[in-house]
Structures are given as structure tokens and as C-alpha cells.
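Quick note, the sequences are listed as chains Y and R, same order.
First residue of the first sequence: 1, per my numbering; consecutive thereafter.
First residue of the second sequence: 1, per my numbering; consecutive thereafter.
For the record, the hints were derived by calculation from the structure and aren't laboratory data.
Quick caveat, the model's predicted, so the values are computed rather than measured.
Be aware that one or more of the hints could be misleading.
What the hints assert, rightly or not - Footprint (simulated), chain R over chain Y, 3 or more residues, beta carbon under 8 Å:
(1) 4-12
(2) 21-29
(3) 42-48
Backbone N, C-alpha and C fix where the C-beta goes; we use that ideal spot for every residue, glycine too.
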Amino acid sequence: MKKDEVNFSKSEAFNLTMIPGKFAKSMRTCVIWQFVRFCVINIKMLIVVSKSH
Amino acid sequence: MARLIVLGGGVAGHTTATFAAKWLGSSHEVMVVTPNAKWNWIPSNIWVGVGELSKEDVTFDLAPVYSKAGISYKQAKAVAIHPEGKDGSDKPYVVIEHTSKAKAGETEEVEYDYLVNATGPKLNFGATPGLGVGSNLGEHTVSVCTADHAEHAAHELKICIDKMKSGETQKFLIGTGHGMCTCQGAAFEYIFNIEHEIAKAGVRDKAEIKWISNESFLGDFGMGGLHMKVGGYVVSSKLFAESLYAERDIEWIIGAHVNKVESGKASYELLDGSMHEEEFDFSMLIPPFAGVGLKAYDKAGEDITATIFAPNGFMKVDANYAAGTYENWKASDWPRTYQNPTYSNMFAAGIAFAPPHIISKPMSSVNGTPINPTPPRTGMPSGIIGKAVAHSICDLITKGDGAHLHEASMAEMGAACVASAGKGILDGTAAAMTVFPVVPDFEKYPGTGRDTEYTFGEIGLAGHWIKHILHYLFMWKAQLKPGWTLIPE
Numbered sequence: 001m002k003k004d005e006v007n008f009s010k011s012e013a014f015n016l017t018m019i020p021g022k023f024a025k026s027m028r029t030c031v032i033w034q035f036v037r038f039c040v041i042n043i044k045m046l047i048v049v050s051k052s053h
Numbered sequence: 001m002a003r004l005i006v007l008g009g010g011v012a013g014h015t016t017a018t019f020a021a022k023w024l025g026s027s028h029e030v031m032v033v034t035p036n037a038k039w040n041w042i043p044s045n046i047w048v049g050v051g052e053l054s055k056e057d058v059t060f061d062l063a064p065v066y067s068k069a070g071i072s073y074k075q076a077k078a079v080a081i082h083p084e085g086k087d088g089s090d091k092p093y094v095v096i097e098h099t100s101k102a103k104a105g106e107t108e109e110v111e112y113d114y115l116v117n118a119t120g121p122k123l124n125f126g127a128t129p130g131l132g133v134g135s136n137l138g139e140h141t142v143s144v145c146t147a148d149h150a151e152h153a154a155h156e157l158k159i160c161i162d163k164m165k166s167g168e169t170q171k172f173l174i175g176t177g178h179g180m181c182t183c184q185g186a187a188f189e190y191i192f193n194i195e196h197e198i199a200k201a202g203v204r205d206k207a208e209i210k211w212i213s214n215e216s217f218l219g220d221f222g223m224g225g226l227h228m229k230v231g232g233y234v235v236s237s238k239l240f241a242e243s244l245y246a247e248r249d250i251e252w253i254i255g256a257h258v259n260k261v262e263s264g265k266a267s268y269e270l271l272d273g274s275m276h277e278e279e280f281d282f283s284m285l286i287p288p289f290a291g292v293g294l295k296a297y298d299k300a301g302e303d304i305t306a307t308i309f310a311p312n313g314f315m316k317v318d319a320n321y322a323a324g325t326y327e328n329w330k331a332s333d334w335p336r337t338y339q340n341p342t343y344s345n346m347f348a349a350g351i352a353f354a355p356p357h358i359i360s361k362p363m364s365s366v367n368g369t370p371i372n373p374t375p376p377r378t379g380m381p382s383g384i385i386g387k388a389v390a391h392s393i394c395d396l397i398t399k400g401d402g403a404h405l406h407e408a409s410m411a412e413m414g415a416a417c418v419a420s421a422g423k424g425i426l427d428g429t430a431a432a433m434t435v436f437p438v439v440p441d442f443e444k445y446p447g448t449g450r451d452t453e454y455t456f457g458e459i460g461l462a463g464h465w466i467k468h469i470l471h472y473l474f475m476w477k478a479q480l481k482p483g484w485t486l487i488p489e
């Protein structure tokens with residue numbers, strides 16, 4: 001069984017959801033990509049903050 | 001000279017007091033009455049609870065900060081409000097009981113012109129037998145609600161990790177300790193931080209980690225869940241949350257009212273009425289919140305607590321408390337100015353105001369036990385409400401009774417939330433989310449109740465960096481260091 005798919009077999013509830021694969025998980029801690037996301041998320045949050053005051 | 005008394009020095013109370021002091025200057029008095037000697041950045045207690053930060057990292061002494069800001073400070077808890085004064089004086093006053101070592105137990109009457117109730121919640125551990133007594137944590141579980149609790153939790157966690165390192169298996173049960181809890185987000189952060197620390201210690205295979213919550217679905221968070229744009233789809237937070245739990249191998253029990261806690265065992269009722277038990281070696285169960293138990297009396301000394309406060313102990317404000325059943329609930333039921341309807345010189349901010357109703361769809365078990373999350377009023381909404389209340393009171397003082405009151409409805413404001421899923425500069429993650437508005441408005445946004453252009457969420461290292469930076473920013477802001485007003489609530 002592929003490592004990414006092990007948890008699907010652990011419970012019925014796990015089997016009915018989505019679990020990220022190796023690429024999606026690696027992007028979560030990829031410093032370059034996350035720096036881009038850091039900028040994007042901050043801009044989005046600042047917009048929400050400015051709309052809320 | 002007018003005197004504003006702020007009861008409570010948490011996010012809402014501290015924001016109200018510091019802005020009011022800045023705007024009013026020395027021509028009027030701002031006084032804070034809080035039983036605590038230290039301010040605590042509560043969102044970072046999660047990291048204290050896993051031993052990644054110390055208590056000192058998330059707290060600071062209030063006295064020097066208030067002294068610098070020209071704010072009078074009494075380390076005391078409010079006991080009773082007398083909004084009409086007493087025989088021989090129309091001046092309203094509040095009775096306080098000192099909590100500092102030097103004056104512990106002494107009571108004092110303090111007169112006010114304006115009063116803000118920002119006492120936050122009573123941590124009602126006593127609502128669940130075995131979880132604690134009154135507002136005191138019991139011996140069977142841990143908590144991250146205060147910095148002291150979190151430090152104790154870290155100590156207990158370390159013992160469990162050491163046991164796993166020596167080959168023992170440990171069961172972890174994290175979530176909510178009653179059917180009417182709020183603050184699922186804190187428990188959500190804690191369970192993933194525990195999982196992260198256990199994995200880091202190399203003993204993940206020795207840990208069985210389970211979530212238990214009063215939410216009817218994962219990802220409700222007391223806000224009825226949220227829909228957000230992810231990968232070109234608009235998806236429910238249920239999918240987002242379930243995916244994360246499955247990925248991290250954390251089973252979940254939802255729709256659960258924990259009705260008893262014993263040593264190593266929690267008993268609970270599910271929405272289908274069935275009763276169950278769950279064993280644990282380590283458990284952190286969030287208690288339900290209640291008002292702090294303030295009483296109120298009229299000029300003749302008659303008890304008017306029920307006029308000022310809702311049955312749960314939170315202060316009534318300009319909300320629609322007669323909205324009736326779920327089908328009739330509207331965004332406009334939520335308060336805008338946080339002014340008490342009976343006494344116009346009293347306001348409530350943050351958790352201390354009584355919400356008109358819950359946000360999530362009300363649920364109860366087939367036995368009639370209510371099992372639903374109560375609405376969150378913490379973090380960014382608390383700060384924004386505190387600032388709006390400070391603005392209103394400053395205008396009332398400087399412009400007179402006809403001054404316009406500032407508004408901050410949770411049905412019209414958004415919130416940014418960063419939920420840590422593990423600490424680490426290069427391997428940490430957090431779910432960064434925004435919702436707009438906090439309280440869904442199905443008249444304005446018939447599909448999901450919220451504006452999906454401004455409601456989003458994603459998990460990653462970037463979220464962790466943001467949470468880490470926010471820790472330092474808000475500690476800086478709360479200490480009124482240079483530029484503090486530039487940091488938004």
C-alpha cells in the first residue's frame with residue numbers, strides 16, 4: 001500500500017474524506033512556496049481586517 | 001472629570017481601557033479592575049501547553065503598563081454593580097473585592113460614570129462532574145485556558161512522552177468537556193500541537209489520539225462551520241477539518257456531551273441518546289463558559305441581576321433576545337453598540353456580552369440534552385468590540401449624551417484566525433482562515449451565509465509564521481510599546 005493511502009484503511013470515517021498526497025504535503029512546508037503564500041494570506045487578512053473596522 | 005471603570009483586563013477590557021485612556025487624556029479617569037496581576041496572550045497558551053513557550057513568554061505585569069498609560073489599576077474582582085447608587089447618593093458604584101496579596105479579601109466601593117463589563121468568562125469546570133469544582137480545574141484532566149494551566153499541561157504531557165519513550169502506549173483525549181462549550185478552536189490547536197510534538201519525539205506509533213467535541217460536525221467551530229474557496233471549489237470546513245484529522249491519524253467523536261470525568265475515563269452522551277465511555281491517559285477538555293457571577297442591585301437594594309444579566313450570567317446589551325426559534329434568527333439580532341438597554345452608561349465587551357442566540361444550528365440529544373457549541377466572541381471580534389465601546393464612551397464623555405454610538409456588529413465584521421497545527425520555524429504548520437462576516441447573514445449571502453470572496457482557509461508553514469509573528473505583535477501592542485496603535489485588533 002502506498003504510504004499516502006495507509007490512513008484510508010484505518011477507519012470508515014477516514015475512508016470517506018480526502019487525504020493529501022506527498023506533493024500537497026511537501027508544498028505545505030516548502031519555504032519558497034510558503035513565502036509566496038505568506039504574502040498572499042497577509043494581503044487577504046489585511047483586507048478582511050480593514051473591512052471589519 | 002468623568003470616571004470610566006473597565007471590569008476585566010483581557011483582550012476586550014485591555015483594548016477598551018488603553019484606547020479610552022489615549023483618547024481621553026488626563027482630563028478624565030480610566031480605571032481597570034481585574035483580579036489578575038498579569039496580562040496573558042491566551043492564543044499562545046497552546047505553545048506553553050506543549051512546552052514550546054514558557055509562562056513568562058506569554059504574560060507580562062499589568063501595573064507598569066497601566067502606570068505608563070495613566071490608567072488607575074485595582075487588582076480586584078468585581079462583585080456587585082449598583083447602577084442607581086444607594087441611599088443618599090445617586091452616583092452609581094461597583095463593589096470590588098481585592099485579590100492582591102497585600103489586600104486579599106478587602107472590599108471597596110468604587111464610583112463610576114461609565115462602566116464596561118469585560119470580565120470575560122468564568123471557566124465553568126464545575127458544570128461537568130469530575131472536570132473541576134466551580135472555576136477550578138479538577139485533577140483528572142489538564143487545561144490550556146490560563147498560562148498556569150498550560151504550564152501544568154506541558155508537565156503532564158512530558159510525563160506521557162517519557163512513558164512512550166520507554167515503550168508504553170498512551171491514550172490522549174482532547175476536546176470539549178460539556179455539551180455547551182465554546183472555544184473548539186483552542187482544543188483543535190492543542191490536539192494538533194500534541195500530535196506534532198509526539199511525532200517530533202519519535203513516539204507517534206505509541207500514541208492513540210482522539211478528539212471529542214460537542215460540534216455536530218467537524219469544523220463547526222461554534223460558527224456553524226464556514227465555506228471557503230479552496231483549489232477552485234467552495235468547500236465546507238467539514239471537509240477541510242476531516243481531511244486534516246484523517247491525515248494526522250486522529251479519530252473523532254462528535255455531537256458529544258461529556259457528562260462525567262473520572263480518573264482516566266470520560267463518560268459522554270451522543271446526539272442519538274446513546275451513552276459511552278472513553279479511557280485516557282492524558283486529557284485536555286475545554287470547560288463551558290459562564291458569566292463571572294456579578295450581581296446587580298437597585299437603589300433600594302433589591303436584586304436586579306436578572307434585569308441586567310442573562311440567565312447564563314452574561315450582560316444584556318442591544319441584541320434581540322426575543323428572536324425565538326432557529327428559523328427566525330437573523331444577523332440583525334446581534335448587538336451593534338453593546339450598550340445595556342436598562343442603564344445607558346453600562347456596556348459589555350468581548351465574551352462578557354450575552355449573545356442573542358447561538359450561531360450553530362441548535363441540537364439536542366433524543367434525551368433532550370442540548371449539545372451544541374456556543375458562539376465564540378474571542379480574539380479579533382473582542383478587540384474590535386472593545387475599541388468601538390471605548391470610542392462610544394469617549395464621545396459620550398466629550399460630546400454629551402447625544403453622541404453617536406460606534407457600532408461593531410459581529411454580523412458585519414470579519415475575523416482572521418490562525419490555528420496552529422504544530423510549532424516549528426521550518427516544519428510547523430497552521431490553518432490560516434478568515435471569515436466574513438463572523439455571524440452568517442443568509443439574507444445578504446443566501447448561499448453560505450458569508451462572502452466567499454473574503455472567507456478562505458489554508459494550512460501550511462506560512463500560517464505558522466503568521467501566528468508566530470502575531471504573538472510578538474500582540475505582546476508588543478498590549479504593552480503599549482511605540483507604534484502600538486498601528487497594530488490592528
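Check your understanding: If you check each hint against the structure, which ones fail?
Key -> Nothing - there is no hint that the structure violates, so all of them hold.
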